[in-house]
Amino acid sequence: MEQKILEIVSQIMEVPLESVTLASSAETISSWDSLKHMNLVLALEETFGVLFSEEQIAELTQVGTILTVVAKLAKP
Amino acid sequence: MKLSFADMSKWLRDTDRSGFLPFRLVVLRNIVVEPLETYLRYGAGCLGINLDIRWGDYDAISAEAVGKASKWISLDTQAVMVFCHLEGASRALAREFNSLDRTRQDAELARLADWTKAVTGGIRSKTQAMILWQGFLTPAYPAQGIFDSQTSDGQLGAIRRLNDAVRDALGKTPGAYFVDLDLCRCRVGDRHFYDFRYWHMGRAPFSLDAYEEIATENLKFLRAAAGKAKKCLVLDCDNTLWGGIVGEDGLANLKLGAGYPGSVYQEFQQAVLDLHHRGVILALCSRNNEADVREVFRKHPDMILQETHFTAGRVNWNDKVTNIRELGAELNIGLDSMVFVDDSEFEINLVRSHLPEVETIHIPMALAPQAGYLLMSSGLFDTLTISAEDKRRGQMYREEASRQHQLAAVTDLDGYYRSLEMRLEIGFVDGFSLPRLSQQTQKTNQFNLTTRRYTDADIQAFAQREDAAVIFVRLRDRFGDSGIVGTCILTFSQGEALFDTFLLSCRALGRGVEDAFLSQALRLAKSRGASAVVGEYYATDKNAQVSDFFAARGFEEIESGDTGTARRFRFDLSRPVPPEPEYFAAIESPVTAPGRD
Chain P
0 MEQKILEIVS
10 QIMEVPLESV
20 TLASSAETIS
30 SWDSLKHMNL
40 VLALEETFGV
50 LFSEEQIAEL
60 TQVGTILTVV
70 AKLAKP
Chain Z
0 MKLSFADMSK
10 WLRDTDRSGF
20 LPFRLVVLRN
30 IVVEPLETYL
40 RYGAGCLGIN
50 LDIRWGDYDA
60 ISAEAVGKAS
70 KWISLDTQAV
80 MVFCHLEGAS
90 RALAREFNSL
100 DRTRQDAELA
110 RLADWTKAVT
120 GGIRSKTQAM
130 ILWQGFLTPA
140 YPAQGIFDSQ
150 TSDGQLGAIR
160 RLNDAVRDAL
170 GKTPGAYFVD
180 LDLCRCRVGD
190 RHFYDFRYWH
200 MGRAPFSLDA
210 YEEIATENLK
220 FLRAAAGKAK
230 KCLVLDCDNT
240 LWGGIVGEDG
250 LANLKLGAGY
260 PGSVYQEFQQ
270 AVLDLHHRGV
280 ILALCSRNNE
290 ADVREVFRKH
300 PDMILQETHF
310 TAGRVNWNDK
320 VTNIRELGAE
330 LNIGLDSMVF
340 VDDSEFEINL
350 VRSHLPEVET
360 IHIPMALAPQ
370 AGYLLMSSGL
380 FDTLTISAED
390 KRRGQMYREE
400 ASRQHQLAAV
410 TDLDGYYRSL
420 EMRLEIGFVD
430 GFSLPRLSQQ
440 TQKTNQFNLT
450 TRRYTDADIQ
460 AFAQREDAAV
470 IFVRLRDRFG
480 DSGIVGTCIL
490 TFSQGEALFD
500 TFLLSCRALG
510 RGVEDAFLSQ
520 ALRLAKSRGA
530 SAVVGEYYAT
540 DKNAQVSDFF
550 AARGFEEIES
560 GDTGTARRFR
570 FDLSRPVPPE
580 PEYFAAIESP
590 VTAPGRD
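The listed protein sequences derive, respectively, from chains P and Z. Start counting the first sequence at 0; every next residue gets the next number (numbering that gives the first Met the number 0). Start counting the second sequence at 0; every next residue gets the next number (numbering that gives the first Met the number 0).
If you're looking for bench data, these hints aren't it; they were derived computationally from the structure. Owing to the predicted nature of the structure, the values given are computational and were not obtained by experimental measurement. Incorrect hints may have been included.
Taking CB as the label site, the calculated pair distances span [to be verified]:
id	chain 1	residue 1	chain 2	residue 2	range
1	P	Glu6	Z	Pro355	25 to 33 Å
2	P	Glu6	Z	Arg351	22 to 30 Å
3	Z	Asn317	P	Glu17	47 to 55 Å
4	P	Glu6	Z	Asp100	53 to 61 Å
5	Z	Val65	P	Leu72	40 to 48 Å
6	P	Glu6	Z	Arg397	50 to 58 Å
7	Z	Ala106	P	Leu72	42 to 50 Å
8	Z	His199	P	Glu6	26 to 34 Å
9	P	Glu17	Z	Gly509	54 to 62 Å
10	Z	Arg351	P	Glu17	32 to 40 Å
Every residue, glycine too, gets a C-beta built ideally from N, C-alpha and C.
With these hints in hand, go ahead and build the complete structure from the sequences.
Pasting the structure below:
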């Protein structure tokens, strides 16, 4: 799941996979604006079959947090 | 296989699209629809188009379209999509409907209709680009509940009237089209179409499924405008046109008829026939004994499709790759104009791997009940207009077959041409011929010197220019009316004329029509005072057959690129115009009389 999330972040933000880590965030990736964020949220929902709440959407601006939230929501 | 949003993003990041056809799209909107970009660019990429999308500022439709200067729309814009969400255009109609009386309702509708006209007209004043107006969505739960549908005054009725008014306004603007978002909503399902979280968080109303379907619908327009609509449907027989295998089960045991299970196949045949009636050419491709298949067509009482609906066929034991190649050559159309339908995964994969240009639709037995739906949902044959010509196309191809038959009986070619009693009509473009001419520029690949694709609006613009002329040639003979078969656009500058466009439909090739049409165009240039005519040839992977067209007709080559991909020729009009071939029974021309100088 972690690897898949790193891939999705790199694809949506259009940055090399090597540059994305669990510590990456909207602060460290310059292309991560609000529109890209929406694309990221929708892509994560589609890939993992989950639905985020508005509060969660607002929180998902850091890759580590994304992993925690997706892991909590995704069915085992 | 369906790619996910992330997969498409990856494909876009990693695929070199520098060799693709560039296409510049501007999106005007009063909502956030940016996730569309991924679907649009990916879908366009699959068509060999590299889409460059410029996003107009949020809620700036009027400013961009009607304002004096536009930030994004320019002369080289090729398409403009307009997303006008009802909420933003009229909060009253969208959210406060029950507080409106009929008078205020009508006033709102009139205001919006006028505004649409102003926006469309404003865009048109800045560019000849195709306009794709996204229709207003009707609500699945209208303001007046179950009563809403009992009256034409309801919210549904009001939005439908609004869409009708928009459609009227667009109809008066060449090259402007109505994209029916309600159809997209139906296909996706209303419950899956909206994302209410993002509507509130960022004025982005749609779900990912909705964006995908909206992109698919809009791409059908781009496909058609780029000349990539398919022309020919190639059909397997056993378990595709009928249930069962004729060679094994026998004629009497085939599943085909009004009742189940034969209705599955009869309904598919009906869908195929209806496509044929809008201009799709049909061909058979079946591994079978020809006599067996012929017997089904001639003797089975429940066949909807008849032999006369098919223009060509390969019913034999050769592989389908060879057969489809031969069909393309016989019909004189490119493999990338063909769609192949089969129930067999093996045959589909064989064609996919050997002829990737051919589009395939695999309809395994389990999906046979929805075969017609699958065929229509592909949108592969969709065109911007359906002309009277299209409806007659199948018949015209059959007439061509009769001509070939005649040719076999005559040995000298001029004698054969004479025996056809061909009559040409040359004319200036008018309201009736305009859609056909733009369609020709969009669809003609082989006999096309410059392969410039034009919309109705582009052709109209040429027609209105003092320094340009648009003419067509229509062909009739003793076997029938081939309709408009050629388009020529001349532009005039500094005392010389230039062939911006010179093309001929493949169904008119090899009969000297191009010679007569060229002579007529030269006469026209001369009558307008030009001292010379310049012809250009731009190579594509389809038009090699015309690379020497001008050179073979007395033009002098004045320039050619190193690679021979662009060549320029000149014909000095102080020389006599070559005479039209004598074997035409008549050439009617308001342009200028045929004859000899």
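Going through the hints against the structure:
Evaluation of the 25 to 33 Å hint for Glu6/P and Pro355/Z yields a pass: the beta carbon distance comes to about 28 Å. Between Glu6/P and Arg351/Z the Cβ separation comes to about 28 Å, which falls inside the hinted range of 22 to 30 Å. Between Asn317/Z and Glu17/P, the C-beta spacing of about 51 Å keeps the proposed range 47 to 55 Å intact. At about 56 Å, the CB distance of Glu6/P to Asp100/Z agrees with the hint of 53 to 61 Å.
Remark: the range hint 40 to 48 Å for Val65/Z to Leu72/P is upheld by a beta-carbon distance near 46 Å. For the pair Glu6/P and Arg397/Z, the supplied restraint of 50 to 58 Å holds, since their beta-carbon distance comes to about 54 Å. Evaluation of the 42 to 50 Å hint for Ala106/Z and Leu72/P yields a pass: the beta carbon distance comes to about 48 Å. Our hint of 26 to 34 Å for His199/Z and Glu6/P holds, since their Cβ atoms are close to 30 Å apart.
Our hint of 54 to 62 Å for Glu17/P and Gly509/Z holds, since their Cβ atoms are close to 59 Å apart. Range check, Arg351/Z to Glu17/P: Cβ separation about 35 Å, and the 32 to 40 Å hint holds.
Violated hints for the displayed structure: none, as all numbered hints are satisfied.
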